[in-house]
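**Q** Sequence:
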Amino acid sequence: MTTSRTTGQGSSSRDDDALAPVTYLPGVRENTVRDSSGREGDARRAENVTLHAITRRGQSRAEVAELLRRREISQDVAEAELDRLESVGLIDDNALALDLVDRLRSRKKLGTSALRNELMRRKIDRAAIDEALSDPDSEAEGDMLQQLAADRARRLGSLDRATAERRLVDFLARKGHTGSAARDAARRALDGGGQEYDNSRDGAGHGSARIHRVEFR
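According to this note's numbering, the sequence shown is numbered sequentially starting from 10.
Please note that a few of the clues may not be correct.
As the list claims (entries may be wrong) - Derived EDC-like pairs (lysine to aspartate or glutamate); straight-line CA-CA distance at most 16 Å: (1) Lys132 to Asp200; (2) Lys117 to Glu150; (3) Lys118 to Glu150; (4) Lys132 to Asp108; (5) Lys118 to Asp146; (6) Lys132 to Glu75; (7) Lys118 to Asp179; (8) Lys118 to Glu72; (9) Lys132 to Asp179; (10) Lys118 to Asp152.
To be verified - Distance windows between CB atoms, simulated: (11) Ala136 to Glu56: 47 to 57 Å; (12) Glu95 to Asp179: 33 to 43 Å; (13) Asp193 to Arg54: 14 to 24 Å; (14) Ser83 to Glu150: 42 to 52 Å; (15) Glu56 to Thr172: 48 to 58 Å.
Worth flagging that the hints you see were computed from the coordinates, not collected in a lab. Just so we're clear, the structure is a prediction, and the values are computed from it rather than from any experiment. Built from N, CA and C at the ideal position, the CB exists for glycine as well.
Using the sequences plus the hints, can you model the full thing?
**A** Laid out in structure tokens, this is it:
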């Protein structure tokens, strides 16, 4: 009988040893609490970062995402913050694209290709860019192009006609206006502006400087 009890006690001791790893569970719970606290801290920091950014200027979703990445906000917290901002309308790629197109056309008189480049630089969603540029007002675009060409032509009066036209067309291209529309606008601006052009260097003269005035008829 004594031997049997001794054996039972030894077996119980071995069983107790086998259950020893259970003592790590409190530590696991502490790590979980710390992880939860860290996530909440990241969420508060992400909110502070994004609100500061969007109060300075409109931001695309990708711009805000890049900002959070640079601030080392975890990806899951960043995505949650981006979704929150979109849900309350604080970031909206479609609205931002439309606003930028309107302002850049009126202030800088940019053409479609330059507008697309600017919207892409701002990391706006491609579908939003296509939508914002999908229905231009052709008449308004033509008027804007002609005004831009006329304003620039006034600065080119000291050049010969060929050089003035080349530089004006290049200028319009940098503004996003290309093709026959830009070339025609440049010619009309130079023909109708009453500008003076120096033809002494175009090969047509005989060594003497001549001034040719081109007037609109």
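**Q** For each hint, tell me whether it holds in the structure or not.
**A** Now the hints, each set against the structure:
no., hint, verdict
1, Lys132 to Asp200, "violated (41 Å)"
2, Lys117 to Glu150, "holds (13 Å)"
3, Lys118 to Glu150, "holds (9 Å)"
4, Lys132 to Asp108, "holds (15 Å)"
5, Lys118 to Asp146, "holds (13 Å)"
6, Lys132 to Glu75, "holds (10 Å)"
7, Lys118 to Asp179, "holds (15 Å)"
8, Lys118 to Glu72, "violated (25 Å)"
9, Lys132 to Asp179, "violated (27 Å)"
10, Lys118 to Asp152, "holds (10 Å)"
11, Ala136 to Glu56: 47 to 57 Å, "violated (27 Å)"
12, Glu95 to Asp179: 33 to 43 Å, "holds (41 Å)"
13, Asp193 to Arg54: 14 to 24 Å, "violated (55 Å)"
14, Ser83 to Glu150: 42 to 52 Å, "holds (45 Å)"
15, Glu56 to Thr172: 48 to 58 Å, "holds (56 Å)"
Consistency with the previously given hints fails for numbers 1, 8, 9, 11, 13, ordered from lowest to highest.
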